[in-house]
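Peer 1: For reference, the chains in residue letters:
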Amino acid sequence: MRIAGKGLIDRDTPVHFRFDGVAHQGFAGDTLASALLAQGVRLMGRSFKYHRPRGVLTAGSEEPNALVTVGQGAHADPNVRATVQEIYDGLEAHPQNAWPSLRYDLLSLNDLAAPFLSAGFYYKTFMWPRAFWEKLYEPVIRRAAGLGALSGQPDPDAYEKAYAFCDLLVIGAGPAGLMAALTAAEAGADVILCDEDTRSGGRLLAEDEEVDGQPGHAWAQALTDRLRAMPNVRVMRRTTVTGVYDQGTYGALERVGQHLPHRASLPRACFWRIVAKRAVLASGAIERPVAFPNNDRPGIMTAGAVRAYLNRWGVAPGRRVVVFGNNDDAHRTARDLVAAGVHVAALVDSRHEAQASDAYPVHAGAVLCNTQGRLGLESVTIRTAKGEERIAADTLAMSGGWNPSLHLTCHMNGRPVWRDDIAAFVPKPDMVPGLIPAGACHGAFSTHACLEEGRAAALRALSELGMTAKDVPLAEAEDAPVSLRPLWQVLGKGRAWLDFQNDVTAKDVALAAQENFCSVEHMKRYTTQGMAPDQGKNSNVAALAVLADATGRSIPETGTTTFRPPYTPVAIAAMGAGAEGKGFAPERKTTSHAATVERGAPMIEAGLWYRPSYFPDPGESHWRQSCDREVRMVRESVGICDVSTLGKIDVQGPDAGRFLDLVYTNMMSTVKPGRVRYGLMLREDGHVMDDGTAARLSEGQYLITTTTAAAGQVMAHLDFVAQGLRPDLDVRLASVTEQWAQFAVAGPQSRALLDGLLDAPLDPEAWPFMACGPVKVMGIAARLFRISFSGEHAYEIAVPARYGDSLFRLLVARAEALGGGPYGMEALNVLRIEKGFITHAEIHGRTTAFDIGMDRMVSAKKDCIGKVMADRPGLKGPEREQLVGLRPVGESKEMTAGAHLFEPGTEPVRVNAQGYVTSVGFSPTLGTMLALGFLRNGRARHGERVKLKDHLRQVETLCEVCDPVFFDPDGGRLRG
Amino acid sequence: MRIRCPICGDRDLREFTYKGDAVALNRPGPEAAAQAWDDYLHLRRNPAGATRELWYHGGGCGAWIVVTRDTVTHEILGAVLAEEAEA
Amino acid sequence: MGFSGWRVLREGLSGNRGWTPQWRDPEPKSEYDIVIIGGGGHGLSTAYYLAKEHGLTNVAVLEKGYLGGGNVGRNTTIVRANYFLPGNSEFYSHSLKLWEGLEEDLNYNVMHSQRGLINLFHSDGQRDAFARRGNAMINQGDDAILLDREGVRKHLPYLDFDNLRFPVYGGLLHPRGGTARHDAVAWGYARGADSRGVDLIQNCEVTGIDIENGRVTGVQTTRGPIRAKKVGMVVAGRSSQVAAMAGMRLPIESHVLQAFVTEGLKPVIDHVVSFGMGHFYISQSDKGGLVFGGDLDFYASYAARGNLPMVEHVMEAGMALMPMIGRARVLRSWGGIMDMTPDGSPIIDKTGIDGLYLNCGWCYGGFKAVPGSGFSFAHLIARDEHHAPAARYRLDRFRDGIGLMDEEGTGAQHNLH
Amino acid sequence: MADLIARSPCMGLLPLEQGGVSVTELDPGPMTLVAPYKGQAAALSKAMKVAHGVGFPAANTTETGKGVEAAWFGRDQALLIGAVPDAALADHAALSDQGDAWAVVRVAGEGAEDVLARLIPVDLRDSAFPPGRSIRTQIGHMAGAVTRLPDGAVRLMVFRSMAGTLVHDLDRAMTHCAARGTG
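Residue numbers (our numbering), protein chains in the order written: chain Z, 1 to 976; chain C, 1 to 87; chain H, 1 to 417; chain R, 1 to 183.
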């Protein structure tokens, strides 16, 4: 029910929305909760476990009850706090966790079974029979649990992330935050002022009070306008600082489009990473409910929330209000209500010294001990010295005092301290380096004290930053002392809720203590207290008090619970913005990408790169046809393959050779200019890191290559060796992978192809196998390497990348004229398997040079990275699995990578396993499947037979063990 | 977390990769005893407190740096280039 | 006092007044046969099996905080036996078998849910590696099914099959893999050990290990000295500090691993799903929260909290793989201290000191190992010989290179496993 | 016979313009990585000054001369832009041709800083990043280089192969900024 003339809503701008299928009208400035309350809607949700009817408890982001789903289909947003969601035209909100309807929810039967559903009951049952857990009990529990539902469809909306930097971050734009921001801004500091609300003011928006002679909200607005006009201030509204991280990094969530009708390009939210030299925490406080029997009915709210709805939104939450409290805020609430013309049926104050009033009946030294009303509050029972009395009421405003919102100060493991005078935890100094708490979050509850602490916090920050402050006067404001007598629970018949959201009652906490879950962490985990979406903001302190009571300890002795990020829940889509689809990782495309795609080649991921799988010819319907053809093409004429993705590192300097001798197992300092050497790099633990080639371009310059997958790792490793291990060596490293487009020209016709392309034909004498040097292609300076990964006479030609596309097209055309063409990864793989060349399928991080038969390449004449550790007893010898070739010799010809090897006739079980298969391919050259694998003592077993067994794919094939080089073992083709 | 690179200044953690204890700079000679190598590669003091460790500013200038950092509070007490670090 | 559905009904009818403490809070005695340092999952299960399997009940578990306060209470609750290297293969297989009888054994519902785990692969090379793994699992007697892309789609229709940066090629399904209620595991073992006579002593920090002539004689604690014939160290991320009290330096570096849980949601993810290219794994708890995590933060830490780059990376991986979770809100994040070894596999061994035993190095896979680790460690302590499935978890394997178990193949850098 | 045809890294991807922010491809001309050998930094700087009119830049800065620029490019490295390095430089430094290795774009306009704040984890506001600053950092998930040009626009460089991702990331950020009206 709206109260005329009250509130900060814009009554000239009506807003139409729907809740639970019913059309409603509110005003601009309303939240879903305020608009519904104005319409007399009290029932907004169902609780988690007992499916109790629930209405709004609070007026902020800590709301535990009024959780709804906003939107439909893929846009459906579950678990939205009705107290935060601003209404907009067309907004559709739905109740959740209720079936078939909010009013008649079948699972509210759980409430009747509550005696059997006490804390931790599920640990004690559902154990028999065993198979029933997955089949029956768990599915039933899962379906009953949960709150809202995800749509199951991809989130279609936009989200973004951004960075911001400042001298001072002010968290919260209430009186303390505003004052801190102003003080810092006037001193010239670079300030960011964040508040989760839609406007500045904090509690001033909810209270009927004056600051500097004007309404508090107007004062806040004027000050905000002034700050906004300053070039060194950034005011971020609807922005919740959610987490504190190291060295002044803060995570913050800005609601960008959630309060507006859907617009595709407008982000719903932005996740900010704010880097602040200092921060002031001015996050206010949260009022706590009191645990008395049946304190959870719709219509029961915190007193502060009642005032907020009244003063900020002009809404009377009911017609007959009872106020219950242990402090002066209860009286303030009653006064505000009466002033607005709302009937206050009683003020129940647990303090005996409570002052009487003319305007409403005051029951001093009395408590609430029960409530009535199925879907909403109808009456309350109070207990006074005279006995129990029932009072009709549709609204109960309760206040148990305030808990400072110190959550962020706990994000770095700091523990707050207990203050008896306000019966609350407050932050200790410096729980987070550089974060200064001020105002209510620091236990200063009067407006005056907030202003003063805000200014003081900013002054401290300025002084630490070496900035000079200007004199900023304090505004006039109320300065009432806190008067409160702790009251945590009222004993009586019936359940008294602590954690409304997780349905944890005072009895549950007592039961936990009874079962010796006395540590606060045990209690929390056993009862689930504080683990609901509000993270215990409304209930942790009261639960702690109940536990303290049950265990006969004081609250500080009992402990504190810790708070962890995020302060309020953050959508995965916001923190993961941009990663959906292809955005997860950069895409690297070679210069031949376009030409390759034009030819219909399917592209596959190779690390971040894309490479062609194969190049289908017309008429080919299966990849194997293309692959076989491409292999034959390379063996018989010439093939072209883009090899630009291999890492290329320029190594220069007087000590380049010595440096490479250290990082490669073999000697690179003796390579002559104009020659290339194959090399093996080990990790320091003696296993193979990578392989590649080192081309000595000139006396002082090498160009080394890495595999595509290991390029980044190798570069970091070389930098480490150069900077960390041997800073004495004069060597300079530069990645040139991207500078050069490089293509393999492989096959018997490769020289013919190049001769027609290069500005001068190749002199065979000058270009033996493993030669390298500069050449010119149509006037462009290029590099040529006579190296081969196919076992054929082959070259790799490199040109500056700008010419890559052009050269690739040209090479392919020339190759086709010679009966060849481009080949992809499938053919490349078969070609290398035929030759027994290794890839990371073989050098998978657990193999040594010994295992792959390259221990001869570990030079005895010098030290190298990994040499000593490779010599450990466990890393060599006949027990090791060694690289072998395998070919099928029995009935089955099938081979699969990932199969294991056994001696024929043995059971294929672990203890009999002799090795495994790493690479397989069909060799059109040899007309058979071939495989590479590792076999225990394999080099000594050539000629033996082993059983290849793949349980997963039901393959069992008898194989002959052979040398891994299947084709042209003496290398005549490659050298010829 | 932010790390003050001696070359680039204060930068976000995401620009760096971590290698481990700065003991990795003290590579034993090829003749060193097996124990020395085990110490070098495997065994760690692993303190709950200040430790010297190697980071690579691969997302920035490419420097390897030795950072002194508290493993309990994550406070960073200093950073120098690995090439200038005392072994 | 036995737990059962009948008991829950009976107590419910009488106001739940009959429930008694699930374990005692005894004062420490001055001497025990065996002292276990560390009241986490592994320490509690060790004590339980010492009592149950070996009849050794003059045992104390010393915990500096509260029982189960370490990694057993802050993990992503995944239980699996899908390793492929000898050593890990048999150990986790044994552990999973213990899981499968755990509720009956402990008379405690730890909600072990064998809902199936799917490891996705995203290239031919990864498929081959997972095929090798799956075959190793079957060699070991465990279960594995290789799914192709369509097979994955049947189980996980909500993945982004059309546009994912690293397309789904298929997955390795481990039907017996799943989850369990992590705290309940610690409590179940605690209750079981306590009821067999083991003293569980909380708020008792070990400050020194007494050694005479190369033999352990007891420990110093914040609650006074305690003599012991044998001492087992089972303190996960704090292993280096405790071992240092015995003059040992371990092959361990402690790292932070973060994990996340969302607000409660109706059932939407029925399996445990692991995204190889994104270092992301997720399941949905029985309460409805999506529980997920990723990689280490990668820097050494005892802070049990992490930083934003890995938080964001994990969220990004989730958005890439299954964009339907975008609107789920992260409720809470936390960190655990992981005792990382140079090969990513654990250590269960004697030490150079008589009577002093070591159990550590679980990296970020310790939860599923809780039953097996306690069983094998109890065996080692009780009989002074290795339990066969854990015989390869030697402390000196790094030094001699024999039997390294580097499942990731990333080498001797602690944080890369 | 046809000539080899040069293609620029962002060919077909740029220009973009949205919300007052423009992204265009730059043709920087020759680019060479210059890395002084031990003890040669001063001599190199002198030789550069003589040959090209710009010295070796201090870390995180760029020196601009007539049509030539020397931009710091990482630990002990600078990128000589706009001129083929004089042969004398090779006496003091390792030289690596990088003229084809980078996608180079210019981001300009009123809201450019807002767009860049969505991609780069460094404070790039005018006050913190004036003309003459040139840094190595990350752009989205890519390693890159960021320079404030004399006219106030910002130059971004990422590996050539990632040009498409750079443009995609910029486009996305520009769309969001434009939709917010902050562009």
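One thing to keep in mind: the hints can contain errors.
Said to hold, decoys possible - Estimated spans, in silico, between C-beta atoms of each pair: (1) 969/Z / 148/H: 47 to 53 Å; (2) 49/C / 213/Z: 50 to 56 Å; (3) 581/Z / 101/H: 41 to 47 Å; (4) 72/C / 153/Z: 40 to 46 Å.
Read the hints as simulated data drawn from the structure, not as lab findings. Bear in mind the structure is a predicted one, so any value in this text is a computation, not a measurement. Backbone N, C-alpha and C define an ideal beta-carbon position, used for all residues, glycine too.
Peer 1: Starting from the hint 41 to 47 Å, judge whether the C-beta atoms of residue 581/Z and residue 101/H obey it.
Peer 2: holds, 44 Å
Peer 1: Does the Cβ distance between residue 969/Z and residue 148/H fall inside 47 to 53 Å?
Peer 2: Violated - the Cβ-Cβ distance for residue 969/Z and residue 148/H, about 36 Å, lies outside 47 to 53 Å.
Peer 1: Do the beta carbons of residue 49/C and residue 213/Z sit within 50 to 56 Å of each other?
Peer 2: Holds: the Cβ-Cβ distance is about 55 Å, inside 50 to 56 Å.
Peer 1: Please check whether residue 72/C and residue 153/Z have a Cβ separation lying inside 40 to 46 Å.
Peer 2: holds, 44 Å
Consistency with the previously given hints fails for number 1 only.
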